[in-house]
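Student: Sequence:
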Amino acid sequence: MVIVLSALVLLLQLIPFVASQSKEFVSLDCGGSGNYTDTSTGFNWVSDASFIQQGKVTLVKASNETRQQYKYRRDFPADNKKYCYTLGTVQRRRYLVRATFYFGNSESEETFPKFDLYLDSTMWDTVSITDSSRTYVKEMIIRSPSTSVDVCLCCASTGSPFISTVELRPLNLSMYATDYEDEFYLAVATRVNFGALSADAIRYPDDPFDRIWESDLERRPNFLVGIAPGTERRNSSKSIKTDYREFPPVKVMQTAVVGTRGSLTYRINLEGFPANGRANARALAYLAEIEELELNETRKFTLTQPSVPGFRDVVVDISENADGSYKLYEPSYMNISLPFVLSFAFTKTLDSTRGPLLNAFEISRYVEIVPRTDPQDSVVLVSLQAMAAESDWATENGDPCNPAPWHWVRCSSTSPPRITKIVLSGKNLSGTIPPRINRMRSLSELWLDGNSLFGSIPDMSELSDLTIVHLENNRLTGRLPSYLGDLPSLRELYVQNNSFSGEIPPSLLTGRISFYFDGNPDLHERKKNLKLIIGISVGAFAFLVVLLVGSFFLLRHLHRKRLEPKAEEKYNSSRMMSKRSSAYSIGRGGSTLIDEGQEIAYITLTELQGATHNFNKKIGKGSFGPVYYGKMKDGKEVAVKIMADSSLHGTRQFVNEVSLLSRIHHRNLVPLIGYCEEGSQRILVYEYMHNGSLRDQLHDSVKQKNLDWLSRLYIAEDAAKGLEYLHSGCIPSIIHRDVKSSNILLDINMRAKVSDFGLSRQADENLTHVSSVARGTVGYLDPEYYACQQLTEKSDVYSFGVVLLELISGRKPISAQDYGAEWNIVHWARSFVRRGDLMSIVDPSVQGKIKLESVWRIAEIAIQSVEPHGSSRPKMQEIVLTIQEAIRIERGNVAQVESSSEFSTGRSFHEHLDSIDIECPDISSKLAQPTAR
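Mapping of the sequence shown onto mature numbering (1 follows the signal peptide of the UniProt record, and there is no 0): residues -20 to -1, 1 to 913, in sequence order.
By construction, these hints were calculated from the structure, which means they are not laboratory data. Since we're looking at a predicted model, the values are computed, not measured. From the three backbone atoms N, C-alpha and C, an ideal C-beta is built for every residue, glycine too. One or more hints might be untrue.
[Unchecked claim] Capping the alpha-carbon separation at 25 Å, the derived lysine-lysine pairs in DSS-like fashion look like this:
no.: 1; residue 1: K792; residue 2: K598
no.: 2; residue 1: K613; residue 2: K598
no.: 3; residue 1: K280; residue 2: K231
no.: 4; residue 1: K221; residue 2: K613
no.: 5; residue 1: K94; residue 2: K61
no.: 6; residue 1: K221; residue 2: K231
no.: 7; residue 1: K611; residue 2: K598
no.: 8; residue 1: K61; residue 2: K36
no.: 9; residue 1: K221; residue 2: K307
no.: 10; residue 1: K616; residue 2: K598
no.: 11; residue 1: K94; residue 2: K51
no.: 12; residue 1: K307; residue 2: K401
no.: 13; residue 1: K51; residue 2: K36
no.: 14; residue 1: K829; residue 2: K792
no.: 15; residue 1: K307; residue 2: K231
no.: 16; residue 1: K611; residue 2: K601
no.: 17; residue 1: K41; residue 2: K51
no.: 18; residue 1: K218; residue 2: K307
no.: 19; residue 1: K280; residue 2: K307
no.: 20; residue 1: K218; residue 2: K231
no.: 21; residue 1: K41; residue 2: K94
no.: 22; residue 1: K597; residue 2: K613
no.: 23; residue 1: K401; residue 2: K61
no.: 24; residue 1: K307; residue 2: K601
[Unchecked claim] Here are the simulated distance ranges between beta carbons:
no.: 25; residue 1: D498; residue 2: T412; range: 20 to 26 Å
no.: 26; residue 1: Q71; residue 2: Y16; range: 26 to 32 Å
no.: 27; residue 1: S469; residue 2: T106; range: 55 to 61 Å
no.: 28; residue 1: D186; residue 2: T110; range: 47 to 53 Å
no.: 29; residue 1: A179; residue 2: S13; range: 47 to 53 Å
no.: 30; residue 1: D186; residue 2: Y16; range: 20 to 26 Å
no.: 31; residue 1: G68; residue 2: D498; range: 47 to 53 Å
no.: 32; residue 1: V294; residue 2: S393; range: 40 to 46 Å
no.: 33; residue 1: S393; residue 2: Q476; range: 33 to 39 Å
no.: 34; residue 1: S393; residue 2: S219; range: 52 to 58 Å
no.: 35; residue 1: E163; residue 2: T106; range: 19 to 25 Å
no.: 36; residue 1: P355; residue 2: Y463; range: 21 to 27 Å
no.: 37; residue 1: P824; residue 2: Y766; range: 53 to 59 Å
no.: 38; residue 1: S395; residue 2: T106; range: 18 to 24 Å
Please model the entire structure based on the sequences and the hints provided.
Tutor: Next comes the structure, spelled out in structure tokens:
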């Protein structure tokens, strides 16, 4: 009875989750005549007619397929073009993308097709049909690089490309995370359910994410052979706990194969792997003990084939690793090299009483991501297509360059590709030339003649590679821009038969450029003006006379000065006596203008002694020195920081902080009110922050206030905006270098502001990094910066990722007591997040009062921020947007997307500027040695 009730509760919990998942699914019936609901799954299938305009619909004579989505297929021409479906995604979310191909027995052609399948610009697989009655399934697991992905077919070597269905399935945030997802997709080679009760595959609704788990009873050639003697099938009705990392379905985990004679061996062909070589792969075994073992019985085994370095001696003990029976355990091999024909074997250990057991496995190969065409170019091409939306040429989709370029563009061979040529002569374009064309820095030829373009020629002064421009036979107006004659590579310019007016720039008439301009009645060459020539000549003569007279008086003055040496020496002596003794001292006296005219007040030591009652109330201590509470004569409360380090390094920190804060102003940076420099005393005066630091709120037993989750999100948003301003809003950008919870201060309204800029550095716009001796705080310091001594904005991102982990967990960044051998919050948290066990790191004080999806958003961006290599970390802009998304989720009000917390705290979005992405050179290979997790 208890088991029945437990199963019922689990089912009731699963129903709303399954329903919500299916609403986000995209299911396209390629060639389908209309929309419908699949009765077996409840999926809403949509005709692909609104997604693609090319191709033709072919009726399929099915031999064994009865599902409605395989009654038709969409065929495409066997030409040099590509044909793409564009699917909307959420950037950086993980998805399973699936394409299926059922050829059947059609009337239109007999040759079995072979063609290529692409995801965006990345080669996914080659589809080779050899059995007309088989449904070929291709699956790719991706983290979406943008707000859409393209599934494309092209390059047929036999027959014609075709497709039956395209599907998009969003995944849980923890699923299929790898260390290489910025550079590689995962193409699923096989996913097998062992001990299956029938030959039917298991998928939705048994699997809420609609993965396809093939049965080990499937009887197609070379699917599974080489089964070891003594292999027996087992199944159980027990409810297996599978809420771990990849969330395999319970139905899959309730069956298994067992090697009763001590070994399990199989051989399988891995689809999509190189036929004559090996490929880097991710292999994952799914294990759950479904047999009843006696107290004195054990099940231990090792992987003996393939012989993988580092894994051969690893002993699998399901019960121990899964923390009890009926619970999932997932040993995984993140990066191993596997052959096309994979033979694998599990063998029991000498001290084991039972043979090895296997419930399921999944193997995927790494597919290196090929960059899309530079977005600066793509946006212009889309604008041009919109100017002739009804034309056939404007329906080309997918990436403009890869795998096959649009027929009206030419591309460079760089990565990412750039557009070098646009040919749209006589293509019915109507409108103005897109102004963003000036960003197409590799464009060499522009052919827009014979259209209905109007307006003036936009700025193209940055197109240094431009050699040929055809704008003739349009309705363009205005003056010809003078910069055209200065373009270094321009050789041919055609502007005939337009409505240009005014004078032709002389630089176009030098003969260097082949220039054609007839058919513009109001366009004329500059007329020579005799009066102007005479005036210029007279002016030049007068200037020469003035110059000669001035030179005479200057020489006379210098001669007199040489006759007065004693007066000059006296003046120089006085000037030297007045010079300041310290090279790092700051001018004072009431106030001083520092760095581009920003005024910072100078406050005397006497004033500060009065404000602080002779430095009576100490409120903290930072890297700069002790901090005291003060109240100025006007009633303003201040924090007074006295520099404890009188060395040259300390003086540099003092000057650095004053200089920086004199020119940067943002509501999420602690403002500098003034400074004092008298004798050996160097003092900074800041706005007083009533609620201390974030570290106090999280870790100080006296000041700790048990912040709720929403308050933590608001604090994270404020601090991230402050850092984003430093990275993106300042020119040159500023790298803080000491981001930590004790440098995030909270005002009386709990608004967060970033403080302590003594270690900050300005970036050099002409360099990818700043060479600098590593400085910062242990636990927050970027390991890549520490290793290579090259500072970038991504070093701040790493430190802020640690702060986010503090906010999630309520734990300190370094603690042997909390983390044991891990000692560091990064290693500790990453291990839990990667296997989907988020609640093990969430602060107990907020558990039960949060929306789990909101915490997942922050956990995922935090783990991305502390990636070992800076190139894999997000920018602060992305972090701000993710935090704001988490706030929306936590508040549960989608309508407030543009104001985060506008009504309660006065927050609003500020414009996000493009930041400079600076990365430290990689210090390891792209694919590290395999690691089990």
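Student: Please go over all the hints and tell whether each is borne out by the structure.
Tutor: Hint-by-hint comparison with the structure:
1. At roughly 24 Å between alpha-carbon atoms, K792 and K598 fall within 25 Å of each other, so this suggested pair holds.
2. Between the alpha carbons of K613 and K598 the distance comes to roughly 19 Å, so the proposed pair stays at or under 25 Å and holds.
3. For the given pair, K280 sits about 24 Å from K231 by alpha-carbon distance, which is consistent with the 25 Å threshold.
4. Using a Cα cut-off of 25 Å, the hinted pair K221 and K613 is violated, with the two alpha carbons roughly 66 Å apart.
5. With a CA separation close to 15 Å, the supplied pair K94 and K61 stays within the 25 Å bound.
6. Distance hint between K221 and K231 is fulfilled; the C-alpha atoms sit about 11 Å from each other, no more than 25 Å.
7. Of the supplied pair hints, the one linking K611 and K598 holds, its CA atoms being roughly 13 Å apart against a limit of 25 Å.
8. The straight-line distance between the Cα atoms of K61 and K36 is roughly 15 Å, inside the 25 Å bound, and the hint therefore holds.
9. The straight-line distance between the Cα atoms of K221 and K307 is roughly 5 Å, inside the 25 Å bound, and the hint therefore holds.
10. Restraint check: the Cα-Cα separation between K616 and K598 comes to about 17 Å, which is no more than 25 Å; the hinted pair holds.
11. Among the hinted pairs, K94 with K51 is consistent with the structure: their alpha-carbon atoms are about 21 Å apart, no more than 25 Å.
12. Simply put, K307 and K401 have alpha-carbon atoms about 59 Å apart, too far for the 25 Å limit, and the pair is violated.
13. Under the criterion of a C-alpha separation no larger than 25 Å, the hint pairing K51 with K36 is consistent with the structure, at around 14 Å.
14. Between K829 and K792 the CA atoms are separated by roughly 22 Å; this keeps the pair inside 25 Å, and the hint holds.
15. In summary, the hint linking K307 to K231 is supported, as the alpha carbons are separated by about 13 Å, within the 25 Å threshold.
16. This hinted pair checks out: K611 and K601 have alpha carbons roughly 18 Å apart, not beyond 25 Å.
17. Only pairs whose Cα atoms come within 25 Å are accepted, and K41 paired with K51 is accepted, the gap being roughly 7 Å.
18. Straight-line distance between C-alpha atoms of K218 and K307 comes to about 10 Å, which keeps the hinted pair within the 25 Å bound.
19. This hinted pair checks out: K280 and K307 have alpha carbons roughly 16 Å apart, not beyond 25 Å.
20. Distance hint between K218 and K231 is fulfilled; the C-alpha atoms sit about 10 Å from each other, no more than 25 Å.
21. This hinted pair checks out: K41 and K94 have alpha carbons roughly 20 Å apart, not beyond 25 Å.
22. A threshold of 25 Å between alpha carbons decides the hint, and for K597 with K613 the separation of about 17 Å falls inside it, so the pair holds.
23. With a C-alpha separation of about 17 Å, the suggested pair K401 and K61 falls inside the 25 Å cut-off, and the hint holds.
24. Between K307 and K601 the CA atoms are separated by roughly 49 Å; this puts the pair beyond 25 Å, and the hint is violated.
25. For the hinted restraint 20 to 26 Å between D498 and T412, the CB-CB distance of approximately 23 Å keeps it satisfied.
26. Range check, Q71 to Y16: about 31 Å between beta-carbon atoms, so the 26 to 32 Å window is met.
27. Checked against the given bound of 55 to 61 Å, the beta carbons of S469 and T106, roughly 40 Å apart, lie outside it.
28. Checking the proposed 47 to 53 Å range against D186 and T110 shows it is violated: the Cβ atoms sit about 30 Å from each other.
29. At about 31 Å, the CB distance of A179 to S13 disagrees with the hint of 47 to 53 Å.
30. In this structure the hint that D186 and Y16 lie 20 to 26 Å apart at CB holds, the actual value being about 22 Å.
31. For G68 and D498, the hinted distance range of 47 to 53 Å is satisfied, since their beta carbons lie about 49 Å from each other.
32. A beta carbon spacing of about 44 Å between V294 and S393 agrees with the range 40 to 46 Å that was offered as a hint.
33. Between S393 and Q476, the C-beta spacing of about 34 Å keeps the proposed range 33 to 39 Å intact.
34. Against the hinted window of 52 to 58 Å, the Cβ-Cβ separation of S393 and S219 comes to about 56 Å, which satisfies the hint.
35. The hinted window of 19 to 25 Å between E163 and T106 holds, with their beta carbons roughly 22 Å apart.
36. Hint check: P355 to Y463, Cβ distance near 25 Å, so the stated range 21 to 27 Å holds.
37. For the pair P824 and Y766, the beta carbons lie near 32 Å from each other, so the given range of 53 to 59 Å is not met.
38. Evaluation of the 18 to 24 Å hint for S395 and T106 yields a pass: the beta carbon distance comes to about 22 Å.
When each numbered hint is compared with the structure, violations occur for hints 4, 12, 24, 27, 28, 29 and 37.
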